[in-house]
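Peer 1: Residue numbers (the working numbering), protein chains in the order written: chain D, 6 to 266; chain W, 6 to 266; chain V, 18 to 341; chain L, 18 to 341.
Accuracy of the hints is not assured; some may be wrong.
[As the list claims (entries may be wrong)] To spell it out: a stretch of chain V is covered by chain D in this simulated footprint if at least three of its residues, at any positions, have a beta carbon under 8 angstroms from a beta carbon of chain D; those stretches are: (1) 47-60; (2) 66-72; (3) 77-89; (4) 96-110; (5) 242-248; (6) 293-307.
[As the list claims (entries may be wrong)] With a straight-line cut-off of 20 angstroms between C-alpha atoms, the simulated EDC-like cross-links for lysine to aspartate or glutamate are: (7) Lys263/D / Glu116/V; (8) Lys178/W / Asp153/W; (9) Lys83/W / Glu325/V; (10) Lys92/V / Asp258/D; (11) Lys155/L / Glu116/L; (12) Lys13/W / Glu325/V; (13) Lys263/D / Asp115/V; (14) Lys77/W / Asp30/W; (15) Lys62/W / Glu37/W; (16) Lys62/D / Glu326/L; (17) Lys123/V / Asp258/D; (18) Lys322/V / Asp30/W; (19) Lys69/D / Asp85/D; (20) Lys263/D / Glu86/V; (21) Lys333/L / Glu270/L; (22) Lys103/W / Asp153/W; (23) Lys48/V / Asp334/V; (24) Lys92/L / Glu213/W; (25) Lys123/L / Glu251/W; (26) Lys122/V / Glu251/D; (27) Lys263/W / Glu89/L; (28) Lys13/W / Glu326/V; (29) Lys199/D / Glu179/D; (30) Lys92/L / Asp258/W; (31) Lys210/L / Asp208/V; (32) Lys263/W / Glu116/L; (33) Lys69/D / Glu139/D; (34) Lys338/L / Asp39/L.
Treat the hints as calculated values from the structure; they're not laboratory data.
C-beta: ideal position from N, C-alpha, C; glycine also.
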Amino acid sequence: MDTFETVKISGVRKETPTVNTLVLDKRSCRMEYGQFYMLWIPGVGEKPYACSGANEKSMEITVKHAGPFSGKLQNLKKGDLIGIRGPYGKGYFTPKGKNPCYVAGGLGIVPMISLLEGTKGKKATVILGAKTKEEIIFADRIKKTGADIRIVTDDGSAGIKAFPHQLLSGVIKEKKIDSVYCCGPEAMMREVLKIVSEKKIPAQFSLERYMKCGIGLCGSCALDPSGLLVCKDGPVFDAERIKDSEFGSYKRDSAGSKTRI
Amino acid sequence: MDTFETVKISGVRKETPTVNTLVLDKRSCRMEYGQFYMLWIPGVGEKPYACSGANEKSMEITVKHAGPFSGKLQNLKKGDLIGIRGPYGKGYFTPKGKNPCYVAGGLGIVPMISLLEGTKGKKATVILGAKTKEEIIFADRIKKTGADIRIVTDDGSAGIKAFPHQLLSGVIKEKKIDSVYCCGPEAMMREVLKIVSEKKIPAQFSLERYMKCGIGLCGSCALDPSGLLVCKDGPVFDAERIKDSEFGSYKRDSAGSKTRI
Amino acid sequence: MMSCLFCYLLLIVILFIDKMVDLSASLSGVKFGNPTVLPAGILGVAASSLARIASAGAGAVTTKSVGPERREGHKNPVVVAVDNGLLNAVGLSCPGLDESVEELKKAVRAAHVPVIASFYGRTVEEFGLVAERISAAKPAFIEANISCPNIEDEYGKPFGTSCELAARVVAVVKDMSRVPLIVKLTPNVSDIKNIALSVEEAGADCIAAVNTVGPGMYIDVLSAKPVLSNRAGGLSGPAIRPIAVRCVYDIYEAVDIPIIGMGGISSGRDAAEMLLAGASAVGIGTAVWTRGDGVFKEVCAELGKIMEERGDRSLKDLIGKAHC
Amino acid sequence: MMSCLFCYLLLIVILFIDKMVDLSASLSGVKFGNPTVLPAGILGVAASSLARIASAGAGAVTTKSVGPERREGHKNPVVVAVDNGLLNAVGLSCPGLDESVEELKKAVRAAHVPVIASFYGRTVEEFGLVAERISAAKPAFIEANISCPNIEDEYGKPFGTSCELAARVVAVVKDMSRVPLIVKLTPNVSDIKNIALSVEEAGADCIAAVNTVGPGMYIDVLSAKPVLSNRAGGLSGPAIRPIAVRCVYDIYEAVDIPIIGMGGISSGRDAAEMLLAGASAVGIGTAVWTRGDGVFKEVCAELGKIMEERGDRSLKDLIGKAHC
Ligand SMILES: Cc1cc2nc3c(=O)[nH]c(=O)nc-3n(C[C@H](O)[C@H](O)[C@H](O)COP(=O)(O)OP(=O)(O)OC[C@H]3O[C@@H](n4cnc5c(N)ncnc54)[C@H](O)[C@@H]3O)c2cc1C
Ligand SMILES: Cc1cc2nc3c(=O)[nH]c(=O)nc-3n(C[C@H](O)[C@H](O)[C@H](O)COP(=O)(O)OP(=O)(O)OC[C@H]3O[C@@H](n4cnc5c(N)ncnc54)[C@H](O)[C@@H]3O)c2cc1C
Ligand SMILES: Cc1cc2nc3c(=O)[nH]c(=O)nc-3n(C[C@H](O)[C@H](O)[C@H](O)COP(=O)(O)O)c2cc1C
Ligand SMILES: Cc1cc2nc3c(=O)[nH]c(=O)nc-3n(C[C@H](O)[C@H](O)[C@H](O)COP(=O)(O)O)c2cc1C
Ligand code: FES
Ligand code: FES
Chain D
6 MDTFETVKIS GVRKETPTVN TLVLDKRSCR MEYGQFYMLW IPGVGEKPYA
56 CSGANEKSME ITVKHAGPFS GKLQNLKKGD LIGIRGPYGK GYFTPKGKNP
106 CYVAGGLGIV PMISLLEGTK GKKATVILGA KTKEEIIFAD RIKKTGADIR
156 IVTDDGSAGI KAFPHQLLSG VIKEKKIDSV YCCGPEAMMR EVLKIVSEKK
206 IPAQFSLERY MKCGIGLCGS CALDPSGLLV CKDGPVFDAE RIKDSEFGSY
256 KRDSAGSKTR I
Chain W
6 MDTFETVKIS GVRKETPTVN TLVLDKRSCR MEYGQFYMLW IPGVGEKPYA
56 CSGANEKSME ITVKHAGPFS GKLQNLKKGD LIGIRGPYGK GYFTPKGKNP
106 CYVAGGLGIV PMISLLEGTK GKKATVILGA KTKEEIIFAD RIKKTGADIR
156 IVTDDGSAGI KAFPHQLLSG VIKEKKIDSV YCCGPEAMMR EVLKIVSEKK
206 IPAQFSLERY MKCGIGLCGS CALDPSGLLV CKDGPVFDAE RIKDSEFGSY
256 KRDSAGSKTR I
Chain V
18 MMSCLFCYLL LIVILFIDKM VDLSASLSGV KFGNPTVLPA GILGVAASSL
68 ARIASAGAGA VTTKSVGPER REGHKNPVVV AVDNGLLNAV GLSCPGLDES
118 VEELKKAVRA AHVPVIASFY GRTVEEFGLV AERISAAKPA FIEANISCPN
168 IEDEYGKPFG TSCELAARVV AVVKDMSRVP LIVKLTPNVS DIKNIALSVE
218 EAGADCIAAV NTVGPGMYID VLSAKPVLSN RAGGLSGPAI RPIAVRCVYD
268 IYEAVDIPII GMGGISSGRD AAEMLLAGAS AVGIGTAVWT RGDGVFKEVC
318 AELGKIMEER GDRSLKDLIG KAHC
Chain L
18 MMSCLFCYLL LIVILFIDKM VDLSASLSGV KFGNPTVLPA GILGVAASSL
68 ARIASAGAGA VTTKSVGPER REGHKNPVVV AVDNGLLNAV GLSCPGLDES
118 VEELKKAVRA AHVPVIASFY GRTVEEFGLV AERISAAKPA FIEANISCPN
168 IEDEYGKPFG TSCELAARVV AVVKDMSRVP LIVKLTPNVS DIKNIALSVE
218 EAGADCIAAV NTVGPGMYID VLSAKPVLSN RAGGLSGPAI RPIAVRCVYD
268 IYEAVDIPII GMGGISSGRD AAEMLLAGAS AVGIGTAVWT RGDGVFKEVC
318 AELGKIMEER GDRSLKDLIG KAHC
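Extracted from the complex, chain D is given alone in its bound form:
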């Protein structure tokens, strides 16, 4: 029915002062771009994470310290045990168009990096946003793919002082963008959705909702009014499927209560 496995951490890499990449001693199973895993720290808790890299011998996850759980997760050491189940989700990033644009805010690049690296032939542009210069991740990996990278920061400490979506309209014109991939804070994604809807460009968004089961049973990640499940039907959705939805306006917390975005 489902696979649950406990594996060892085989290495840890510091990406930024608040972001670490963990290497797991687990052969990557067949995985689609944008799927996610549930990671369990024995005796502590379990949360959803994207895969930021995989090969025959190991797979990687990249974690930002955002609260108690992620803090413990990113501080695991080589040899520590971690439980993993997945990959989950039937909504993937699907390679479309010749001139794709990636719009990433914060850790948003994490679930998209494999797509970018796996489709190197394309003329991709990446708008990579971060709060500050120190918080920029994967810039080198992006450059290596040959993509055109546009860095923006909230405080202007690197690249342009702007939010990622503010560059999008210009890039679309300049680079004849024919598809958009987007992941980041929901407020930013909402702005990107507006732009691509207006310009009628096919786009995909990776969503976050509070996840408990991860397998489409508990209902905590449901989207109004379609009842689509982020864990099962997503986490990646085409723009049309989320256009007239709660997306960008509210989401449910762990008790099932709606909270404004």
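Once you have looked at the hints, place chains W, V and L with the ligands on chain D.
Peer 2: Below, chains W, V and L with the ligands without anything else, positioned relative to chain D:
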């Protein structure tokens, strides 16, 4: 783990006044010679039976009226439902030698008929015993295989008045028998075992013990002193495996109590 | 000639009707298009997902159990897969009574099938209070989940393990609400017949059986930790079907009110088995995970085929027919 | 040079010892070569099959439960396979006390591992009587099966569902026999901790947990009949493992006497899980069907590998380690 299936009776054939053959609407699964099935009459009971014929579309069982259950079983009509699980047993009849001899008492020919029909090229001899002329079964099917058939009856109403084992020594000499297959009343089989042991001829015997589970768990069909299970390790055993055993002297009843043979 | 033609046409009509199997169900006067029910706790947080499952073919849908106050439920992990089943300890998360009632109203509007409002309390009085509030949203049924641990009993046992407590819950709820009441029973008792009898006598209109079995536990052998944060969780899925079928069989012998049978149903054969045991409708929970939300239509199609093979016209020809 | 060589040799010895995993177990002073046990009712009718399973690698073997009188047990069918499990209602068949004691003596002689003599009674007094008789055959343990229905209680519930009755059985048996006593518990109670505590206080030396779950029922949908002649039967096999593990976990928290954990164990991983939950040895019943009688050696080999991976030296490093 195990297959349980309810199928319809698609036909009934009278073999003798006390023996009927039922045709089951069940594709025969891969079956070895001599294996058995557990047959369930819904709401009545369940007992072990051999398969007396099988093809792509159906399989047959041949039942003698020997008590309340077999009486009900052989009186089932076309369209009636019957539950079936199996085939069971890891001890099969294995084709050996060029001049095999089959020694059958009563319904003993039933589990051996498929082996005989499936190895037509051989120069087989069949010693077929019955109480009376009316009780002889499968004589035509045996003749069709080209086998040399020797009929014996307890009362001399057909063939020679004798018990099957009484012909065996003569047949062995006459036909240069190099392998023996035997099934029938245990007292008869015990005599056959003596003869083949003496003459050092490879032989196989199909045993009956009280069966409850049929799958090697309940232990009611265990043979002393080896602990071999008739349902799982048998029902067919090579002579050597049962030579120094309870075989021919006692067996256990449904309560696990030993009873003399 | 005319009469011959007439006979011929009649024959065709009869043959046609003969092929048609009627899957409609009726419980306590409420009509279901088919006997499949989405049970409590499965995709029942949002009205939107309940409406989705109704559209996918369920005959009725049940909300996540609603309680008197906001609760986060247990920490993750709340589920872990085991052999042929699932352990869960979601822990009755609830956004609070006001928001739950609003969501329930939406569900009643959005789903075109009967909506069952599952609820719980920590005391007998709370059961009454919550029942009153959710009844205002006009669900087809309210369903008292007496299979979860409560605080009134010092050992933390569910109300559903005591005949007396179960009956008290029912009596109080029937006082506070006129919506037909389903009582959901736990299988984890030595004698489910007596509990069923008690809730019937106290006025329950219908029984749902069973909630999850056990509880069970899954321990990871490398880290030596139980995986669920709550350590133990209720077992659901195919592993528990034989237990659920026996419970429904026992309850059917004891009571006259209809039963919604559930526990491990994932095929038309399983549904037929549960109906034969005595259920009037069947819940399908864990199989939504293994077969997707198409499971409701698929189970109905499979059930229809079995009924044709058996020569059944309607569910009446199945319900309780294993008793005799 | 000399000391260097010495150090080198010492290192080799240490590394070698480090690789060796000790699987020997000890319960109430009785030594088992390994922690796997053939539980009651599996291949336990004849001394010959018990000896065979001992030779196949079991650390101890248990007889079929012996009663005061000859009993045929239930009519066939007595087993039916279900999803990831088996339902059985063999119904405590027994050749009678005299013949059982003779067979037990043979088993004690023939099996080169500890023999556990399982037994039952229909009244508290019968438990005492049977215990006295079988103790004369000098088994390593006697095991009171209080998980079967009795006639003293009008509802036919097992002694094992009542703390008081369970304790009375133990007290009487301890009066009649000096052979160490295992008490086998049913999981089909709302609170197994209290039962465990009662039998410990009454003097039990060891607990076996669990007997089969449910009971369960399997109905054939074409004939509309429950397949087992007894209609219901106990559920065993992988389907019940999570429940068995939780029971053993709970019992371990409540008592200090050792536990033989069983229910659905069919691999070294399963055995390790049960030991972590608190068992000192593990029963392997239904898996004899699915994996054959090689299962005892195979489970030991798999368990050894897991212990190596975890860095365990002996079973002590596993037993109860999921509690903390
Ligand atoms: C599909 C998906 C993929 C993700 N991939 C990554 C990734 O690659 N790297 C990464 O660092 N983070 C990722 N996250 C976020 C991650 O799951 C955690 O939410 C985050 O690490 C914060 O957890 P915390 O417990 O430390 O913080 P907390 O302080 O507990 O929570 C901070 C916020 O995180 C969110 N959150 C907490 N728990 C959950 C949960 N169970 N499910 C969903 N959201 C939750 C809530 O919005 C909460 O307000 C992903 C989330 C989802 C849904
Ligand atoms: C491997 C095997 C294959 C068999 N194949 C056939 C066959 O092809 N045709 C056929 O007619 N019979 C066959 N039998 C015998 C059959 O299983 C029944 O025993 C027989 O039909 C008598 O059953 P009854 O209940 O009518 O009679 P009963 O009066 O109940 O019993 C008559 C005798 O049959 C034996 N018996 C009864 N129940 C069982 C049982 N559960 N397991 C084993 N023996 C039992 C006992 O020795 C008993 O004394 C086979 C038995 C075995 C073990
Ligand atoms: C994830 C999950 C959450 C559940 N939550 C509830 C609940 O809130 N209230 C309730 O009465 N039953 C709850 N249940 C039990 C189900 O309603 C159902 O009784 C049980 O799962 C057996 O059916 P199944 O095997 O088809 O899943 C839950 C079950 C699962 C798997
Ligand atoms: C066919 C069968 C017969 C059994 N008979 C007995 C019995 O006589 N006495 C008893 O205490 N337990 C009996 N049991 C229960 C087992 O000893 C064991 O507790 C249970 O099957 C769980 O273990 P498993 O899943 O490894 O089989 C029986 C189990 C089976 C499957
Ligand atoms: S997380 Fe449970 S349904 Fe999506
Ligand atoms: S019939 Fe049960 S072991 Fe053979």
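Peer 1: State for each hint whether it applies.
Peer 2: Evaluation of the provided hints:
With 3 residues carrying a beta carbon less than 8 angstroms from a beta carbon of chain D, the segment 47-60 of chain V meets the three-residue requirement, and the given coverage holds. Given a C-beta distance limit of less than 8 angstroms, the hint that chain D covers the segment 66-72 of chain V holds, as 5 residues qualify and 3 suffice. Closer than 8 angstroms: that is the beta-carbon criterion, and the segment 77-89 of chain V has 4 residues meeting it against chain D, so the requirement of 3 holds. Only residues whose beta carbon comes within less than 8 angstroms of a beta carbon in chain D count, and the segment 96-110 of chain V has 8; three or more means the coverage holds.
Judged by the Cβ-Cβ criterion of 8 angstroms, the segment 242-248 of chain V is covered by chain D as claimed, because 3 of its residues qualify and three suffice. Restraint check on the segment 293-307 of chain V versus chain D: 5 residues with Cβ-Cβ distances below 8 angstroms, three needed, restraint holds. Distance restraint check for lysine 263/D and glutamate 116/V: the Cα-Cα separation of roughly 9 angstroms lies within the 20 angstroms cut-off, and the hinted pair is therefore satisfied. The straight-line distance between the Cα atoms of lysine 178/W and aspartate 153/W is roughly 15 angstroms, inside the 20 angstroms bound, and the hint therefore holds.
The straight-line distance between the Cα atoms of lysine 83/W and glutamate 325/V is roughly 19 angstroms, inside the 20 angstroms bound, and the hint therefore holds. About 13 angstroms separates the Cα atoms of lysine 92/V and aspartate 258/D, which keeps this hinted pair within 20 angstroms; it holds. With a CA separation close to 15 angstroms, the supplied pair lysine 155/L and glutamate 116/L stays within the 20 angstroms bound. Straight-line distance between C-alpha atoms of lysine 13/W and glutamate 325/V comes to about 15 angstroms, which keeps the hinted pair within the 20 angstroms bound.
Proposed proximity of lysine 263/D and aspartate 115/V is supported: the alpha carbons are some 12 angstroms apart, at most 20 angstroms. In summary, the hint linking lysine 77/W to aspartate 30/W is supported, as the alpha carbons are separated by about 19 angstroms, within the 20 angstroms threshold. A hinted pair counts as satisfied when its Cα atoms are at most 20 angstroms apart, and lysine 62/W with glutamate 37/W qualifies at roughly 17 angstroms. Among the hinted pairs, lysine 62/D with glutamate 326/L is consistent with the structure: their alpha-carbon atoms are about 19 angstroms apart, no more than 20 angstroms.
For the suggested pair lysine 123/V and aspartate 258/D, the alpha carbons sit about 19 angstroms apart, so the restraint of at most 20 angstroms is met. Among the hinted pairs, lysine 322/V with aspartate 30/W is consistent with the structure: their alpha-carbon atoms are about 18 angstroms apart, no more than 20 angstroms. For the hint linking lysine 69/D to aspartate 85/D, the alpha-carbon distance of about 18 angstroms falls within 20 angstroms, and the restraint holds. A distance of roughly 15 angstroms separates the Cα atoms of lysine 263/D and glutamate 86/V; the hinted pair therefore holds under the 20 angstroms criterion.
For the proposed pair lysine 333/L and glutamate 270/L, the alpha carbon gap of about 17 angstroms is at most 20 angstroms, so the pair holds. In summary, the hint linking lysine 103/W to aspartate 153/W is supported, as the alpha carbons are separated by about 14 angstroms, within the 20 angstroms threshold. Our distance criterion of 20 angstroms between C-alpha atoms is met by lysine 48/V and aspartate 334/V, whose separation comes to about 17 angstroms. At most 20 angstroms may separate the alpha-carbon atoms for a hinted pair to count; lysine 92/L and glutamate 213/W meet this at roughly 18 angstroms.
For the given pair, lysine 123/L sits about 15 angstroms from glutamate 251/W by alpha-carbon distance, which is consistent with the 20 angstroms threshold. A distance of roughly 18 angstroms separates the Cα atoms of lysine 122/V and glutamate 251/D; the hinted pair therefore holds under the 20 angstroms criterion. The suggested pairing of lysine 263/W with glutamate 89/L holds, with an alpha-carbon distance near 13 angstroms, which does not exceed 20 angstroms. Taken as a hint, the lysine 13/W and glutamate 326/V pair is honoured in the structure, with Cα atoms around 11 angstroms apart against an allowance of 20 angstroms.
As the CA atoms of lysine 199/D and glutamate 179/D are separated by approximately 19 angstroms, the hinted pair is consistent with the 20 angstroms bound. Straight-line distance between C-alpha atoms of lysine 92/L and aspartate 258/W comes to about 13 angstroms, which keeps the hinted pair within the 20 angstroms bound. Pair hint lysine 210/L plus aspartate 208/V holds up; C-alpha atoms about 19 angstroms apart against a cutoff of 20 angstroms. A distance of roughly 9 angstroms separates the Cα atoms of lysine 263/W and glutamate 116/L; the hinted pair therefore holds under the 20 angstroms criterion.
At roughly 13 angstroms between alpha-carbon atoms, lysine 69/D and glutamate 139/D fall within 20 angstroms of each other, so this suggested pair holds. A distance of roughly 17 angstroms separates the Cα atoms of lysine 338/L and aspartate 39/L; the hinted pair therefore holds under the 20 angstroms criterion.
Checked against the numbered hints given earlier, this structure breaks none of them.
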